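A.B. asks: One-letter residues, chain by chain:
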Amino acid sequence: MPRGLNRHVPMTLRLDPDRLLPVDPTTREVARRLYALVAGAPIVSPHGHVDPHLLLDDEPFPDPATLFIRYDHYVTRLLHADGVSFATLGVPDASGAEQVGEPREAWRAFCSRWRLFAGTASGYWLAHAFGTLFGIDEQPSAENADALYDRIAAQLERPEMRPRALFSRFGIDVLATTDDPMDDLAAHRALADDPTFSGRVLPTFRPDAYIDPLAPGFRDKVAALAAWGGHAADDYPAYVASLEARRRHFVEHGAVSADFGVREPYSIDLGAERAGELFAKAVAGTIDAAEARDFLGHMLLESARMSVDDGLVMTIHPGVHRNHSQSTFDRFGPDTGHDIPIPAEFVQNLRPLLERHGNDPRLHLVLFTIDETTYSREIAPLAGFYRSVFIGAPWWFLDAPDAVQRFRAAVTETAGFSRGSGFIDDTRAFLSIPARHDMSRRLDAAFLARLVAEGRLDEESAAEIVVDMVGAQPRKVFRL
Amino acid sequence: MPRGLNRHVPMTLRLDPDRLLPVDPTTREVARRLYALVAGAPIVSPHGHVDPHLLLDDEPFPDPATLFIRYDHYVTRLLHADGVSFATLGVPDASGAEQVGEPREAWRAFCSRWRLFAGTASGYWLAHAFGTLFGIDEQPSAENADALYDRIAAQLERPEMRPRALFSRFGIDVLATTDDPMDDLAAHRALADDPTFSGRVLPTFRPDAYIDPLAPGFRDKVAALAAWGGHAADDYPAYVASLEARRRHFVEHGAVSADFGVREPYSIDLGAERAGELFAKAVAGTIDAAEARDFLGHMLLESARMSVDDGLVMTIHPGVHRNHSQSTFDRFGPDTGHDIPIPAEFVQNLRPLLERHGNDPRLHLVLFTIDETTYSREIAPLAGFYRSVFIGAPWWFLDAPDAVQRFRAAVTETAGFSRGSGFIDDTRAFLSIPARHDMSRRLDAAFLARLVAEGRLDEESAAEIVVDMVGAQPRKVFRL
Amino acid sequence: MPRGLNRHVPMTLRLDPDRLLPVDPTTREVARRLYALVAGAPIVSPHGHVDPHLLLDDEPFPDPATLFIRYDHYVTRLLHADGVSFATLGVPDASGAEQVGEPREAWRAFCSRWRLFAGTASGYWLAHAFGTLFGIDEQPSAENADALYDRIAAQLERPEMRPRALFSRFGIDVLATTDDPMDDLAAHRALADDPTFSGRVLPTFRPDAYIDPLAPGFRDKVAALAAWGGHAADDYPAYVASLEARRRHFVEHGAVSADFGVREPYSIDLGAERAGELFAKAVAGTIDAAEARDFLGHMLLESARMSVDDGLVMTIHPGVHRNHSQSTFDRFGPDTGHDIPIPAEFVQNLRPLLERHGNDPRLHLVLFTIDETTYSREIAPLAGFYRSVFIGAPWWFLDAPDAVQRFRAAVTETAGFSRGSGFIDDTRAFLSIPARHDMSRRLDAAFLARLVAEGRLDEESAAEIVVDMVGAQPRKVFRL
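Chains as they are written, first to last, in the numbering used here: chain E, 1 to 480; chain A, 1 to 480; chain Y, 1 to 480.
Certain hints may be false.
Chain A is nowhere near these chain E residues, computed Cβ spacing over 12 Å in every case [to be verified]:
hint, residue
1, Gly101
2, Ala223
3, Asp234
Listed next, the in silico EDC-like pairs over lysine to aspartate or glutamate satisfying Cα-Cα at most 20 Å (straight line) [what the hints assert, rightly or not]:
hint, chain 1, residue 1, chain 2, residue 2
4, Y, Lys221, Y, Asp208
5, Y, Lys476, E, Glu454
6, A, Lys281, A, Glu291
7, A, Lys221, A, Asp184
8, E, Lys221, E, Asp183
9, A, Lys281, A, Asp269
10, E, Lys476, A, Asp82
11, A, Lys476, Y, Asp82
Hints are computed from structural coordinates only; laboratory data are not their basis. As the structure is a prediction and not an experimental result, all values here were calculated from the model. Even glycine gets a Cβ: it sits at the ideal position worked out from N, Cα and C.
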């Protein structure tokens, strides 16, 4: 946006205290009262991607670019689309074609393109962090980039800006990480044993690479699991037993859920014999695509069975074409902004799993989607009947103000409020956690206020619901 | 919601006179004026599932639980999801695992979980019935469950609460039922011949089980039809002739439409010879899935041809996976809340039918859907060109305030108001009929008021349209 | 609508100066200020279907019916659905079954059915043209049809109502037409060379019938191309070279884009040898459907490569089942209102093309859709990463007020404002151009005003964005 480059008077950055609340005065009044009930509530974060070592080590955050840009693929993707190279943004180029740039260069590229984020969820979260954590009151621009960089960098050195200090300042009650099944969880244990840190940081079991024969590294992962379990790599019953044992290890370290990033939520019961045959092929590297799909579908159903046994909540995040741009993946690796949604289908795919466990109170199955068409057509009707099924909060591209209101409108009339997961931030960006939860609370208040203003709900009930949605509901669904 | 169980002061239940009208004051004023024009208009209900014997026998309604819970699978599904067993709700358990509970127990389970229905269409309809018919002014809860039960039960014994009294109190002008093609329609005849009852109660021809070789009971149904027609069960021309004769029987008893609950609106013209071959296989029980699909598709097209001949309006309700949970179906039967929507496709599936009859003024074809994606993409464009095609009102999960506004916004800009069916309640729950029609009228007024407030329509035209939509339009589409 | 036929007092037609702006007073104030910034901006129209001879010849427009009805299939389709025959509307009946009617008859049929267009985009555009160009202040009706006809006909004879006068009165800065690759573009050259006409009228390269073996006339088109190029019809390398040469011819005449109306945006790289084999089959008429799909997919990818070389912006308009009603097509030809949308899929279909050219700054690829489900799920995520991909403005049935707001809400939170194409009118109806651009500007202002009122964007940024969206943005995307 060249105009942005030529401005000389910085534009103000201001956080409207009523942001995201309905504009209609009557409705806004109701929304303010509802929001006030939850604005300061503790943060429950049952699923996300923060590294536990961030809190274990409690080192100061690095420079502003590494903090706000480098690892946030919501941000890097739009900068890339506008022509900025990943190397400039600090992402190493495996092809060696380009040197990684200085953080300050990345920051300048970002500030001079601040306009790209106008109207986006990322822009909203960034503005919240800039305003609330760093007291920044002007919009980033080419002109003030260096000044903002220095200002943020200076503040990052202060003790109150360290991860643990922010953890308590943010009011985080529970924070779940996402971990490899073979992770020894030493970091989680150390945090739990540390008398100077009272926060609850829980691991999450994420076995995709161990159950999907087509996942990169599947054979190595399975070999490592077998070595740990002391059995042959292609011994299917022992493989299942080792997965169960690793889940127990996670449960012993406080895990409450297991997460599955399958391409489609396909489930099937192959029976142990057929499953064993396909597993042997998978380990031998001779399995074909259709067989691999069946094996993964079988393990998804098996994982539901394990949840019935060990109580881990099962969350599914399906419908993503990962690393759509092969050439970008080859040069810059995964999580570089080209994971693209694809249509999702739950009704047929999940039927075998639901037939087996769908009404078993021991199973909690939370379904996420980035295909909005499934909200009113599939997910809400399933969650409105099956006792095990809960509706995951809007995920990824849909975790944004208008998308969240579409989500609420699409599922509530069919499934009410009791079938929802509560808000999930699902983020790597530690500093965005309060912004995301605050956004969700404002949107809950806005949605409920509209129901009240339209005479569809009394305010007293709305008040109870808005409070439940940030506390009792997620704690119930995730067994916290 | 445990909180609901612990409250001691009952929360008030109040029907806002402006409920569902736009919150913006200017728009609300317009909406009030438009709503006032239709608030008291007679109810035209061209499609639904009320049992004609309800009106023929005119017995008092049974207890509150049987009236409001037992047969309303919108209600039972959410209670089931929350952990209440169907047996407790009064649904017999074929497995014998559980005894059917007392109505009062079902009612208590419902009242203590009233919060489950917050924000749902069912909650809205129930509140309307409680408030308008029983003068209830507090929300159901564990504490007041017995008192509400006794209060409703007492009122149900009063003569003005009998079905016929309510029929006239509701201002029902026409009510269509849904009936088996072999039904003798004696109940409809008796009602028509009864000088003490002036209501119009029409049968609807629903032949699914007679034309879908994979439908439960197909062979018995076809055998019964053949026995009635006096021909061999596998005589295709005679089978077609008997279906035509049964349709005539329905027409003679006032039927105006034939309804089709196919899984997909697939149509194909096989020609009589090939159709005859497949029919013989179907009757012999040797037809395969692909052949069965073709035969049903052929009969759908044949049924359109019959409508051209006898004038019965053709309504299609596709895109539902019936009885998704086999184990629940085995124990508790159909209509227990696990019919789940699936994607629907109209453009390719209906093409042979539309090529043959789509512009024939003698055919009225009303398309319903629970797949919202087809509103703007398929149904509105088809109805905006083909003379026979009309857009069915939001159905099932989509018959709810926000979903209805999405529907109007999705179809109106392409097809205007002249291509709609008018409101269809499609309900089994007799007491919810006024609530549903009133909801629809409020939403029509709200949508039109928004167009007026946005300068897209003048109020005089809006007034004519809102009146047409509850009278002239459905009467035209359904030839009433 | 019989009521319309019986009215005697004409209803007023009034253009609300605030039409389409948000109703909430606070938001409306902001929207007014934003709209005022662009209300009078020059019109940039990078894609449409106006005939260049209209401006070259600069003849008076014919009668009102031919001007407003005959060629507008948005209008004819709804009149047809309501029972008016195409012949009555002026469309010749190839079957000879019906004589073409008098324009005045068509006009009367239209006026007496004005109510059909209530709430539609067509009705909005027509009202705008009637009010702003002809000073009409009453709604068309059976009663005033003849008077309106005479009034419009009289004004059409005045010099200021000629095409060139209106071109400048409308403030059109650039107008792109859509042309056959073999068009000599003499009309465009003559306009460019005419010292008395200063408007910019650019051709657009539309090669569908030359690259799709299943397109009507493919073999004749390819033969004509080969004859022009002086090579054998089945010489694939020469065929590609001739297409490139024709593109150069367009570029030399000012073309900035090439448009593709493929059924699905399928791309594949067959390699020259395999492509040559399929091309030979296509020319010989022996290609099968799967091979034809592959050849077209290959040529789509080849066309992207050509755009990289010659800089023509590539626009894709996929997902339409053309001429759904064969019998209507046979009698009345194409563009008679039964082109029906079908589901579109971009993520898998475009992957080979994007892998090859998706991040090449020399390619601008604008994706249009009439399948709304792809906005948030596919198009916005793709445009938010790939440098070449831009989000096409709402097209066809979706170019309407509510649909445009759904579009903005669906794509902005993911892709911001920098990835959009700017408004595209895509119209044949010359007189509707100002109405369409004005509608788009009002809706942009309304959307941005909502973000401002909800505290998601500051008004100063919104002001810059609304101005960019009608000028800098489309000029950047279309290289104007």
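A.B. asks: Going straight from one Cα to the other, do Lys281 (chain A) and Asp269 (chain A) come out at no more than 20 Å?
C.D. replies: With a Cα-Cα distance of about 18 Å, the restraint between Lys281 (chain A) and Asp269 (chain A) holds, given a limit of 20 Å.
A.B. asks: With 12 Å as the threshold, tell me whether Ala223 (chain E) passes as away from chain A on beta-carbon distances.
C.D. replies: Ala223 (chain E) clear of chain A: closest Cβ-Cβ about 39 Å, beyond 12 Å.
A.B. asks: What's the verdict on Lys476 (chain Y) and Glu454 (chain E), does the C-alpha distance respect the 20 Å limit or exceed it?
C.D. replies: 44 Å, violated
A.B. asks: Just checking, Gly101 (chain E) versus chain A, shortest CB gap more than 12 Å?
C.D. replies: Holds: least Cβ distance 43 Å, greater than 12 Å.
A.B. asks: Take the C-alpha atoms of Lys476 (chain A) and Asp82 (chain Y), compute the straight-line distance between them, and say whether it is at most 20 Å.
C.D. replies: 12 Å, holds
A.B. asks: Hinted pair, alpha-carbon criterion (20 Å max): Lys221 (chain Y), Asp208 (chain Y). Please report holds or violated.
C.D. replies: Distance ~10 Å between Lys221 (chain Y) and Asp208 (chain Y) Cα, so the pair holds.
A.B. asks: With the threshold set at 20 Å, check whether the alpha-carbon distance from Lys221 (chain A) to Asp184 (chain A) stays at or below it.
C.D. replies: Satisfied, since the Cα-Cα distance of roughly 14 Å is no more than 20 Å.
A.B. asks: Just double-check Asp234 (chain E) for me: nearest Cβ-Cβ distance to chain A has to come out over 12 Å.
C.D. replies: 34 Å, holds
A.B. asks: For the pair supplied as a hint, Lys221 (chain E) and Asp183 (chain E), confirm whether the alpha-carbon distance does not exceed 20 Å.
C.D. replies: This hinted pair holds, its Cα atoms lying about 12 Å apart.
A.B. asks: For a C-alpha distance cap of 20 Å, please report whether Lys281 (chain A) and Glu291 (chain A) respect it.
C.D. replies: Holds, at roughly 9 Å.
A.B. asks: Under the criterion that the straight-line Cα-Cα distance not exceed 20 Å, is the pair Lys476 (chain E), Asp82 (chain A) satisfied?
C.D. replies: The given pair, whose Cα atoms are some 12 Å apart, holds under the 20 Å limit.
Of the numbered hints given earlier, the model fails hint 5 alone.
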